[in-house]
Amino acid sequence: MRCLLFSSFLAGLMSCASDYRNLQVSPADHGCAEKTVPRVLATSWYNASVDVMGRHLSGLLLVKNMPDSSQRVVFTNEAGITFFDFGFSRQGDFKVYNVIAQLNKKPVIQTLRKDFELVLGIPFRKGHYNRYVFGEEIYFGVKQKKETAYFITNKDCASLHRLEWGSARKRKVSVQFPGTGYPAPDQIELLHFTFNMQIKLSRIHKE
Amino acid sequence: MYRSQESHSRKYRWIVTACFLLSPMLTFAQYEGYKSIADISSFKKEFQRESAEVLSIQSSFTQEKVLTALTEKITSSGKFWFKRSNKVRIEYVKPFTYLMVMNGDKMMVRDNQKENRVNVKSNKLFQQVNRIMIDCVQGTILDSKDFTTRVFENDRTYLLEMTPVSKLLREFFQTIVLKVDKKDYSVNLIEMNEPSGDTTSILFTDKKLNTQISDAVFTL
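Sequences listed follow chains A and B, in order. Going by my numbering, the first sequence opens with residue 1, and the numbers climb by one from there. Going by my numbering, the second sequence opens with residue 1001, and the numbers climb by one from there.
Hints were generated in silico from the structure; no laboratory data involved. Note that the Cβ used here is the ideal one computed from N, Cα and C, for glycine as well. Mixed in with the good hints, there may be bad ones.
[Said to hold, decoys possible] Just a sample of chain A residues kept apart from chain B, beta carbon distances all over 12 Å, derived:
id: 1; residue: N22
id: 2; residue: D29
id: 3; residue: N98
id: 4; residue: N104
id: 5; residue: P107
id: 6; residue: H161
id: 7; residue: G179
id: 8; residue: F193
[Said to hold, decoys possible] Here are the simulated DSS-like cross-link-like pairs (lysine-lysine), alpha carbons at most 25 Å apart as the crow flies:
id: 9; chain 1: A; residue 1: K126; chain 2: A; residue 2: K155
id: 10; chain 1: B; residue 1: K1207; chain 2: B; residue 2: K1045
id: 11; chain 1: A; residue 1: K106; chain 2: B; residue 2: K1124
id: 12; chain 1: B; residue 1: K1114; chain 2: B; residue 2: K1079
id: 13; chain 1: A; residue 1: K126; chain 2: A; residue 2: K146
id: 14; chain 1: A; residue 1: K200; chain 2: B; residue 2: K1073
id: 15; chain 1: A; residue 1: K106; chain 2: A; residue 2: K155
id: 16; chain 1: A; residue 1: K206; chain 2: B; residue 2: K1073
id: 17; chain 1: B; residue 1: K1045; chain 2: A; residue 2: K206
id: 18; chain 1: B; residue 1: K1114; chain 2: B; residue 2: K1094
id: 19; chain 1: B; residue 1: K1094; chain 2: A; residue 2: K200
id: 20; chain 1: B; residue 1: K1073; chain 2: A; residue 2: K64
id: 21; chain 1: A; residue 1: K35; chain 2: A; residue 2: K95
id: 22; chain 1: A; residue 1: K106; chain 2: A; residue 2: K145
id: 23; chain 1: A; residue 1: K200; chain 2: B; residue 2: K1114
id: 24; chain 1: B; residue 1: K1045; chain 2: B; residue 2: K1145
id: 25; chain 1: A; residue 1: K105; chain 2: A; residue 2: K126
id: 26; chain 1: B; residue 1: K1183; chain 2: A; residue 2: K105
id: 27; chain 1: B; residue 1: K1083; chain 2: B; residue 2: K1183
id: 28; chain 1: A; residue 1: K170; chain 2: A; residue 2: K146
id: 29; chain 1: A; residue 1: K105; chain 2: B; residue 2: K1124
id: 30; chain 1: A; residue 1: K172; chain 2: A; residue 2: K206
id: 31; chain 1: B; residue 1: K1079; chain 2: A; residue 2: K206
id: 32; chain 1: B; residue 1: K1167; chain 2: B; residue 2: K1145
id: 33; chain 1: A; residue 1: K145; chain 2: A; residue 2: K114
id: 34; chain 1: B; residue 1: K1124; chain 2: B; residue 2: K1087
id: 35; chain 1: A; residue 1: K145; chain 2: A; residue 2: K172
id: 36; chain 1: B; residue 1: K1167; chain 2: B; residue 2: K1079
id: 37; chain 1: B; residue 1: K1183; chain 2: B; residue 2: K1045
id: 38; chain 1: B; residue 1: K1094; chain 2: A; residue 2: K64
id: 39; chain 1: B; residue 1: K1207; chain 2: B; residue 2: K1079
id: 40; chain 1: A; residue 1: K206; chain 2: B; residue 2: K1121
Start from the sequences, fold in the hints, and give me the full structure.
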């Protein structure tokens, strides 16, 4: 019984531990940051699969670079009906061009906005990063209000590992680009850590 | 204050004049190469009578989604099956795979990742989509309370312009246009026009009417 209590206490402590506690502040390294900073994604259509709180949704997602350097993210179902159409200016301003009533709720739009800001690498465009080291990885962080956006690379700056949104203590969202083709990645995987949601995108190769 | 009222009234007069000048164009707006059908009730009877003879359809289709403001389009293609009275299978094969089977009140959707089964009765939107699809193919769309319909024709085609009545459908569609072959009253083209100006057209080709289709095609 005592053992059970002790292990529960330990488990409780572990769950409170900060995901970013072990990040060590380190001197700036512009060369590494410039080499691995997220680039502007190429215009592409993706096959999208969304799992949120036990519900599954699929469709097509377009990432489109506009002539004025803004980007549009449009989600339609397979039959062609548009569910949302969001715009992101180069400076990070956000505009809802179109959204269906079922999704037109502030928390939904805010979540999708933050998700796609990370996918598009918008928080990193100003070029001022704090550098941290943790294990074999280097974190470049940009603080935005209560959260920090990170792009994470390995120690030799060979490639971009992943992107993250995190609060002071908790990792909230991660984005990975498994496979090849970046900045027109074959795959994009976005995962939420504070609630059950993931988005998987597979690039469509048009004929 | 007075100046502001005057400017407001001038603006209002301008809008009224513009509406007056544009109204004839709006009233007579129709489709190039088509003329309006005056006697809708006899067309309706004929449409229902001919469509009732269609017991099954097998077809290929090409779908084109056009995002007008973004000058982007994506083309997909696949196969379509219909068996009277309420069985539909739509299978996208290029450039992505997606399967939708409707069999009575049941519906199955399979994408790259998962397979979902839905009881259409439990979802109002699915229920309406299901009914529209069946009504279009069975020729009963002119009786639908979901739309007001205008009918046009040329030598070879009837054009049905359907405007949704319910708020739910109006959010998705400004109009749905069906082009129906005069030869056999089968649908050649469905064009879904969204309020944003985006359009999706589905062109049916290699149509085979009234061939044997196994029930297994519609198994959920």
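- Query: Which numbered hints does this structure break?
  - Reply: 3, 4, 15, 17, 21, 25, 26, 30, 36, 40
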